[in-house]
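Protein chains in written order, with UniProt numbering: chain A, 1 to 135; chain B, 1 to 135; chain C, 1 to 135; chain D, 1 to 135; chain E, 1 to 135; chain F, 1 to 135.
A few of these clues could be false.
[Claimed, not checked] Label pairs and their in silico Cβ distance ranges:
| id | chain 1 | residue 1 | chain 2 | residue 2 | range |
| --- | --- | --- | --- | --- | --- |
| 1 | F | GLY98 | B | THR28 | 55 to 61 Å |
| 2 | D | ALA20 | C | THR31 | 34 to 40 Å |
| 3 | F | ARG29 | D | ALA96 | 43 to 49 Å |
| 4 | F | PRO130 | D | SER8 | 49 to 55 Å |
| 5 | B | PHE33 | A | SER8 | 57 to 63 Å |
| 6 | D | LYS30 | F | GLU133 | 52 to 58 Å |
| 7 | B | LYS5 | F | THR31 | 54 to 60 Å |
| 8 | B | ASP62 | E | ARG26 | 30 to 36 Å |
| 9 | A | VAL134 | D | SER8 | 35 to 41 Å |
| 10 | A | ASP23 | B | ASP53 | 49 to 55 Å |
[Unchecked claim] In silico DSS-like pairs for lysine-lysine, Cα to Cα no more than 30 Å straight-line:
| id | chain 1 | residue 1 | chain 2 | residue 2 |
| --- | --- | --- | --- | --- |
| 11 | B | LYS19 | B | LYS56 |
| 12 | E | LYS5 | A | LYS30 |
| 13 | B | LYS56 | E | LYS49 |
| 14 | E | LYS19 | E | LYS30 |
| 15 | F | LYS5 | A | LYS56 |
| 16 | A | LYS49 | F | LYS56 |
| 17 | D | LYS30 | B | LYS5 |
| 18 | C | LYS49 | D | LYS49 |
| 19 | E | LYS56 | E | LYS19 |
| 20 | E | LYS30 | B | LYS5 |
| 21 | D | LYS19 | D | LYS56 |
| 22 | D | LYS5 | D | LYS56 |
| 23 | D | LYS5 | D | LYS30 |
| 24 | D | LYS49 | C | LYS30 |
| 25 | F | LYS30 | A | LYS19 |
| 26 | E | LYS5 | B | LYS19 |
| 27 | A | LYS19 | F | LYS49 |
| 28 | C | LYS56 | D | LYS5 |
| 29 | C | LYS56 | D | LYS56 |
| 30 | B | LYS56 | E | LYS5 |
| 31 | B | LYS19 | E | LYS49 |
| 32 | B | LYS30 | E | LYS5 |
| 33 | D | LYS30 | C | LYS49 |
| 34 | E | LYS19 | B | LYS49 |
| 35 | F | LYS49 | A | LYS30 |
| 36 | F | LYS30 | D | LYS5 |
| 37 | B | LYS5 | E | LYS5 |
| 38 | A | LYS56 | F | LYS56 |
| 39 | B | LYS49 | E | LYS30 |
| 40 | F | LYS19 | A | LYS49 |
Everything labelled a hint here was simulated from the structure, so no lab data went into it. Computed from a predicted model, the values in this text were never measured in an experiment. Ideal Cβ positions, reconstructed from N, Cα and C, are used throughout, including at glycine.
Number of protein chains: 6
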Amino acid sequence: MATVKLLSDEEAAAIPAVKAVFDDIRATRKTEFINNFWRALANDPANLKRVWDTLKSVMMVDGAIDPLTREMIYIAVSTANACQYCIQSHTAAARARGMTDAQHGELLTIIGLAAQTNHLALAMQVPTDPEFEVR
Amino acid sequence: MATVKLLSDEEAAAIPAVKAVFDDIRATRKTEFINNFWRALANDPANLKRVWDTLKSVMMVDGAIDPLTREMIYIAVSTANACQYCIQSHTAAARARGMTDAQHGELLTIIGLAAQTNHLALAMQVPTDPEFEVR
Amino acid sequence: MATVKLLSDEEAAAIPAVKAVFDDIRATRKTEFINNFWRALANDPANLKRVWDTLKSVMMVDGAIDPLTREMIYIAVSTANACQYCIQSHTAAARARGMTDAQHGELLTIIGLAAQTNHLALAMQVPTDPEFEVR
Amino acid sequence: MATVKLLSDEEAAAIPAVKAVFDDIRATRKTEFINNFWRALANDPANLKRVWDTLKSVMMVDGAIDPLTREMIYIAVSTANACQYCIQSHTAAARARGMTDAQHGELLTIIGLAAQTNHLALAMQVPTDPEFEVR
Amino acid sequence: MATVKLLSDEEAAAIPAVKAVFDDIRATRKTEFINNFWRALANDPANLKRVWDTLKSVMMVDGAIDPLTREMIYIAVSTANACQYCIQSHTAAARARGMTDAQHGELLTIIGLAAQTNHLALAMQVPTDPEFEVR
Amino acid sequence: MATVKLLSDEEAAAIPAVKAVFDDIRATRKTEFINNFWRALANDPANLKRVWDTLKSVMMVDGAIDPLTREMIYIAVSTANACQYCIQSHTAAARARGMTDAQHGELLTIIGLAAQTNHLALAMQVPTDPEFEVR
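Start from the sequences and build out the full structure, keeping to the hints where you can.
Okay, here's the thing in structure tokens:
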């Protein structure tokens, strides 16, 4: 049960600032499909534009990290933050970018292991080694 | 201030089950350096062995995800779990595996963006799109 | 699927310690409606009373922070803690106390931004500036 | 660096509502030592009293869970919430109540394992089994 | 909506590495019932075996902490990590190991109190008392 | 120990894209002081500009929520995310915007209470009431 309305295509089309972002999402992703995250965020057109512009400039450009790895990092953060919607949407996105079952399996294993050692290091309050210092 | 003692090399050498793991850490990593996480975990030799064996089999083998990407995923989870020690140790590990400043910058940007949209999706309680369904 | 039973009005009325709290909830809020949180907590009458008394003394009195702001702070914490029920119940409560769509939009924007910079500051392990010191 | 002042014994003694709680802490725990948590919380005498009264009624009474187990549960929650102060203070409290090194080792192992499977179940979005239903 | 397939008994039986673990789960727990967590994890037979072996060696052996307390610690961690599946499965497990309603009520009260003081200590950035030092 | 370098004024001045943001921070805030968060983020000039522009447009404009309330919401999120730096910097910012000790005390009380009921609602897996539905 969402805490905001999900804007339909008709409602979105009636607000120019929303329509402009929805059009750009469709053009950039080359699909008519707009997922619920954007339909919910559209209640605040200024934030809709801000978040979409950031997402486009971070996730959909050439960079130093390849697109599939970016999605796997997104899944890792979303899992630790317990965001069900984000886990599901970015797992679908990672698959669309070619994530294999073997890669997904390894990703989950690393996430689980990291969580385990995170909690161990926290519970033991391990002091930082000076060897980790940034040069 | 750790909640357990950090075992010195002398103390570790006196416990065969700990010595065996420390020897394997040194041989596998090709360095004499043993960081504090293992010195803390050594208070429980059975868990020391279990965690090290898992870490070795997950992080230090050939697999479907390359070693640097694994470390970046580790940093992502550790950040969301607010584990300071883990952030520092795995950032050092990622650098040792060749992470460039540009890659680190992008990693941080993705982590920050994911956290932002995680919180937005949670606060709006966005319902899952049926399109995300696993085939 | 709850991990405890949700007490019906009949079951609540049969336990004097629960009935007393339910009566006070209804009288304080001026409504017959008792939401599921209290019906679940009623399995432990002592904790039901303790939590309700605290909530009443914190959220329903005149204080230095106005009632709507209190609810917005509640939403912020609940989001970061990924408590779906709490996000939904306190968003409803904030609306009942007059939160406008514009305020809700800004609240979500701030929550998202804070989460982003929280993760960036953690991942970079930024040292505290001495200028932040409490006088 | 605390975000509030830590009240000294002299400052605490000058505020009757604070003095009353500090006296009760000392009498209940049979020690002159007042740890920093209470000295910080003393900036808000009403909350100081509320939290101390709750802590006393939850952690320092005969109940269905023994006192050492209560402290171990406290450590588990504090670890997952990344509260360094709480991890350290409740580990000290658990030791004072007789926690052995073997128990501490097992506690850490369980915390780490739970964190691992928590993240795995979240990342896989495992649906609840109907068999878990409360009767 | 899971992000991986849940393996049926037929699918599991067709993969020897999965079948071996499922057989061991059934033999160890003395029940035909295999819950969804394992059916999801079975997509990665190596991780399935690793997690099951760890769980068996941590949760199902004689140790310094009794089996019911282990499950209560598991619930505490799972709650703070907001893992719904884990909260439900380990509450069922704790009940199966004899957790009474009174114990469950106390467990929830301790978890809630710990979360409250965790957040207070974090928000006040309380400095560690030297008295907590490990000998 | 930061995982990135903190840029000095000299280093910042040598990178035009960083200098432009630092100049804008100083002009907007009317102070020479640049806190460590920006000195760390300056390692990635594109993200520095993106985060600063967002922060300025969210936190430093007239809007539907007043500036002090925005800072209190920021503290709430930062606490639940266990970001020590953010708790300290935004508590200082809130004080600079006029937060009184009474308001700070109430803020902490609400954060603590929310955390407590978040964990209770999660541990009990309370189902959402249909009454919370957005109209």
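These are the hints, each one checked on the structure:
1. One distance hint, 55 to 61 Å for the beta-carbon pair GLY98/F and THR28/B, holds here, with the actual separation near 57 Å.
2. At roughly 37 Å, the beta carbons of ALA20/D and THR31/C sit within the given window of 34 to 40 Å.
3. For ARG29/F and ALA96/D, the hinted distance range of 43 to 49 Å is satisfied, since their beta carbons lie about 47 Å from each other.
4. Checking the proposed 49 to 55 Å range against PRO130/F and SER8/D shows it holds: the Cβ atoms sit about 53 Å from each other.
5. At about 59 Å, the CB distance of PHE33/B to SER8/A agrees with the hint of 57 to 63 Å.
6. For LYS30/D paired with GLU133/F, a C-beta distance near 53 Å keeps the hint of 52 to 58 Å intact.
7. LYS5/B and THR31/F have their C-beta atoms about 46 Å apart, which leaves the hinted 54 to 60 Å range violated.
8. Checked against the given bound of 30 to 36 Å, the beta carbons of ASP62/B and ARG26/E, roughly 33 Å apart, stay inside it.
9. Separated by about 38 Å at the C-beta atoms, VAL134/A and SER8/D satisfy the suggested range of 35 to 41 Å.
10. At roughly 53 Å, the beta-carbon separation of ASP23/A and ASP53/B lies within the given 49 to 55 Å, and the hint holds.
11. For the hint pairing LYS19/B with LYS56/B, the CA-to-CA distance comes to about 17 Å; that is within 30 Å, so the pair holds.
12. Using a Cα cut-off of 30 Å, the hinted pair LYS5/E and LYS30/A holds, with the two alpha carbons roughly 28 Å apart.
13. With a C-alpha separation of about 16 Å, the suggested pair LYS56/B and LYS49/E falls inside the 30 Å cut-off, and the hint holds.
14. Taking the CA atoms of LYS19/E and LYS30/E, the gap is near 16 Å; set against the 30 Å cutoff, the hint holds.
15. A distance of roughly 28 Å separates the Cα atoms of LYS5/F and LYS56/A; the hinted pair therefore holds under the 30 Å criterion.
16. Among the hinted pairs, LYS49/A with LYS56/F is consistent with the structure: their alpha-carbon atoms are about 16 Å apart, no more than 30 Å.
17. Pair hint LYS30/D plus LYS5/B holds up; C-alpha atoms about 28 Å apart against a cutoff of 30 Å.
18. Restraint check: the Cα-Cα separation between LYS49/C and LYS49/D comes to about 17 Å, which is no more than 30 Å; the hinted pair holds.
19. With a C-alpha separation of about 17 Å, the suggested pair LYS56/E and LYS19/E falls inside the 30 Å cut-off, and the hint holds.
20. Annotation: proposed proximity of LYS30/E to LYS5/B is violated, straight-line Cα distance about 40 Å (limit 30 Å).
21. Taking the CA atoms of LYS19/D and LYS56/D, the gap is near 17 Å; set against the 30 Å cutoff, the hint holds.
22. The suggested pairing of LYS5/D with LYS56/D holds, with an alpha-carbon distance near 24 Å, which does not exceed 30 Å.
23. With a C-alpha separation of about 25 Å, the suggested pair LYS5/D and LYS30/D falls inside the 30 Å cut-off, and the hint holds.
24. For the suggested pair LYS49/D and LYS30/C, the alpha carbons sit about 29 Å apart, so the restraint of at most 30 Å is met.
25. Between LYS30/F and LYS19/A the CA atoms are separated by roughly 38 Å; this puts the pair beyond 30 Å, and the hint is violated.
26. At roughly 42 Å between alpha-carbon atoms, LYS5/E and LYS19/B are farther apart than 30 Å, so this suggested pair is violated.
27. Restraint check: the Cα-Cα separation between LYS19/A and LYS49/F comes to about 27 Å, which is no more than 30 Å; the hinted pair holds.
28. Simply put, LYS56/C and LYS5/D have alpha-carbon atoms about 28 Å apart, close enough for the 30 Å limit, and the pair holds.
29. A C-alpha spacing of about 21 Å is found between LYS56/C and LYS56/D, which places the hinted pair at or below 30 Å, so the restraint holds.
30. Annotation: proposed proximity of LYS56/B to LYS5/E holds, straight-line Cα distance about 28 Å (limit 30 Å).
31. Pair hint LYS19/B plus LYS49/E holds up; C-alpha atoms about 27 Å apart against a cutoff of 30 Å.
32. Between LYS30/B and LYS5/E the alpha-carbon distance is near 40 Å, which puts this suggested pair outside the 30 Å criterion.
33. Restraint check for LYS30/D and LYS49/C: the C-alpha separation of about 29 Å stays at or below 30 Å, so the hint holds.
34. Between the alpha carbons of LYS19/E and LYS49/B the distance comes to roughly 27 Å, so the proposed pair stays at or under 30 Å and holds.
35. As the CA atoms of LYS49/F and LYS30/A are separated by approximately 29 Å, the hinted pair is consistent with the 30 Å bound.
36. Between the alpha carbons of LYS30/F and LYS5/D the distance comes to roughly 28 Å, so the proposed pair stays at or under 30 Å and holds.
37. As the CA atoms of LYS5/B and LYS5/E are separated by approximately 44 Å, the hinted pair breaks the 30 Å bound.
38. Of the pairs offered as hints, the one joining LYS56/A and LYS56/F holds, with about 21 Å between alpha carbons and a cut-off of 30 Å not exceeded.
39. A threshold of 30 Å between alpha carbons decides the hint, and for LYS49/B with LYS30/E the separation of about 29 Å falls inside it, so the pair holds.
40. Taken as a hint, the LYS19/F and LYS49/A pair is honoured in the structure, with Cα atoms around 27 Å apart against an allowance of 30 Å.
In this structure, the earlier hints numbered 7, 20, 25, 26, 32, 37 are contradicted, and the remaining ones agree with it.
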